[in-house]
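S.K.: Residue-level listing of the chains:
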Amino acid sequence: MNSSQINKIKNLGFKSFAIVCTFLGLVVLAVLLYVVFSQGLSRIDWDFITSLPSRRASSAGIYTALFGMVWILVLTVIIAFPIGMAAGIYLQEYGKKNWFTNFIEVNIANLAGVPSIIYGILGLELFGRVLGLGNSILTGALTLSLLILPIIIVSTREAIKAVPKSLREASYGLGATKWQTISNVVLPSAFGGIMTGLILAISRAIGETAPLIVIGALVYVPFVPEGPMDEFTVLTIQIFNWVTRPQAGFVTNAAAAIIILLMFTFMMNGIAVLIRSRYNKKTKF
Amino acid sequence: MKKLILMLNILIVLAACGGKNNKTTSGGESGEVKIDGSSTVYPLSEAVAEEFRNEAPDVRVTVGESGTGGGFKKFSRGEIDINDASRPISSEEVEAMKQSGIDFIELPVAYDGLAVVVNKENDFVDYLTVEELKKLWEPAAQGKIKTWNQVRASFPNQPINLYGAGTASGTYDYFTEAIVGKAKSSRGDYNASEDDNVLVKGVSSDKNALGYFGLAYYQNNADKLKLIPIDDKDDSNGKGPILPTIETVSNGTYQPLARPEFIYVNAKSADRPAVKSFVEFYLKNAGELAKEVGSVALPAEVYELALKKFQNKKTGTVFGSGQNTVGVNMADLLKAEK
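Each protein sequence line maps, in turn, to chains A and B.
Just so you know, the working numbering puts 259 at position 237 of the first sequence, and the rest follows in order with no gaps.
Just so you know, the working numbering puts 286 at position 247 of the second sequence, and the rest follows in order with no gaps.
Here chain A stands alone, though its shape is the one from the complex (with noise of 0.2 angstroms):
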């Protein structure tokens, strides 16, 4: 066997290697489906969607889960999206290279690494005492944006940075400023990228549920809030609180209901990816 053999045996080995490393992903959402689907797709129905938790596994429901997820969902896209993109924009845009910039950006990658039940030590303390906000979807969504800023701040920069230097150019020659260059040249190409990145963050903030737990949120809430201030439960809190009841049944109440959750997840990464697709049709650089 020559050198030329062995080394194509190698590549072979490598590529199989490869191969079964992408699919091992697959297999494990495959087979996670599967067990969800199988035990928790029968007992979805609108009854299930609608009704208030309860003691009985077969009358209970999402109802107040489902829009106390919607409402943290809303306030934190609200909060988090605003302050994030602007904290992209000076960063790339504005801010000079200099340590203090420098300072910044390697904190906000060190907080994307932070763990999330940190956070909600923080959001407790901070937002439910300090400023006495208690345990309401306000602390909640406001613990939720401090965990996702850095992921929106990141991926808005990158989104800036993919624009090329020859559309600002472009703009700076006809005699534009530099915030007629950002608002009408580049935030709009940059666009896809950003909504990406925002609803990518939006999809981690939705399965979290250590920092609300932290934070106070309830797990019977028989009420959909109507306010911000108002006490509140999620899925994922109602999900793990099914899983550790001794009564089968509310086992798959909760199968049904990560099913439930899924889908959110799907629909939002979904989105995302419309959004991409379609920004960069429109877009061509």
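Just so you know, the hints here were simulated from the structure itself, not pulled from any lab data.
Please read all numbers here as calculations on a predicted model, not as lab measurements.
Hints may contain errors.
Claimed, not checked - Some chain B residues well away from chain A (every beta-carbon gap over 12 angstroms; in silico):
#	residue
1	Glu171
2	Pro178
3	Lys221
Said to hold, decoys possible - Simulated coverage check for chain B against chain A, where a stretch passes if three residues somewhere in it have a Cβ under 8 angstroms from a Cβ of chain A:
#	stretch
4	99-110
5	320-333
Note that the Cβ used here is the ideal one computed from N, Cα and C, for glycine as well.
Got chain A sorted already, so can you dock chain B onto it with the hints?
M.R.: Same frame as chain A, but now just chain B:
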């Protein structure tokens, strides 16, 4: 870009609407009952809250599960009206209540039994004594007691695999206190989980297993597990090994692995009509609902005594100076208080 600005405007308007909303909702205090605390008591409080919805649909009852200790912290800050507790208030917690000027009314609402179980295929364990369980679970057993015949000489020489509650769980505190004699004192080399369903799976699939968890988890998986009668060698509360059932837990013969569950009511909150009628409803219906959620009802007499205690607004705890709940008779305690 214009689209973006428009979107931001809409969001800001939405946020402003929300702001107005909160003023209108945070006003009517009288119609709220806030409950938090133990996850063991949670199903019962949830059931009562659910039934109370028919009684008083306008009262907003919410229930959380921050754990007994977490709940007492909130309780001492005056953030909640009622704390669910799977153990009596500790002396440190009593101190914290004093410092923040919060008076509380302590009310027993149900019993919770701990089941000791082995795998269905295990045919040699007929019963266990508290002494044997202690030998098996005490810290000194770590790495030493590894086979069944070390627990009792007549058992076969087979390895023994242990499954028990995780250290953050109230079940762990109670089991160690009742069996080893000191709370939080246990061997560490066993399969631990805070989720009892995980323990059920473990014991039902391991033929050398022995585990303990809440009685409700046994009742819902009785076909997969073998329940072990426990002998506490104290003939005054029933002779010989006793199997945990609703009856033996309730009448106090299944000892020492039966514990009372409590609710602690903020005395100031108890003056509010919503809280008052909710707690009265709780004590009148807990016995019936306990059966449904897998807890064990207290004797009817105890609920009556507790209701009287609540109506007389008798504050404080009967478990002063760190007394534990192992083997107590709730009726005697409540009577002694008067």
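S.K.: If a hint holds in the structure, say so; if it does not, say that too.
M.R.: Hint-by-hint comparison with the structure:
1. For B:Glu171, the non-interface assignment is confirmed: its Cβ lies about 26 angstroms from the closest Cβ of chain A, beyond the 12 angstroms cut-off.
2. Every Cβ of chain A is farther than 12 angstroms from the Cβ of B:Pro178; the closest lies at roughly 27 angstroms, confirming the non-interface assignment.
3. With a cut of 12 angstroms on Cβ distances, B:Lys221 stays outside the contact zone with chain A, its closest approach being about 27 angstroms.
4. Under the rule that three or more residues need a Cβ within less than 8 angstroms of chain A, the assignment of the stretch 99-110 of chain B holds, with 7 such residues.
5. Proximity of the stretch 320-333 of chain B to chain A, defined as three or more residues with a beta carbon under 8 angstroms from a beta carbon of that chain, is established by the 4 residues found.
In the structure shown, no violation is registered for any of the earlier numbered hints.
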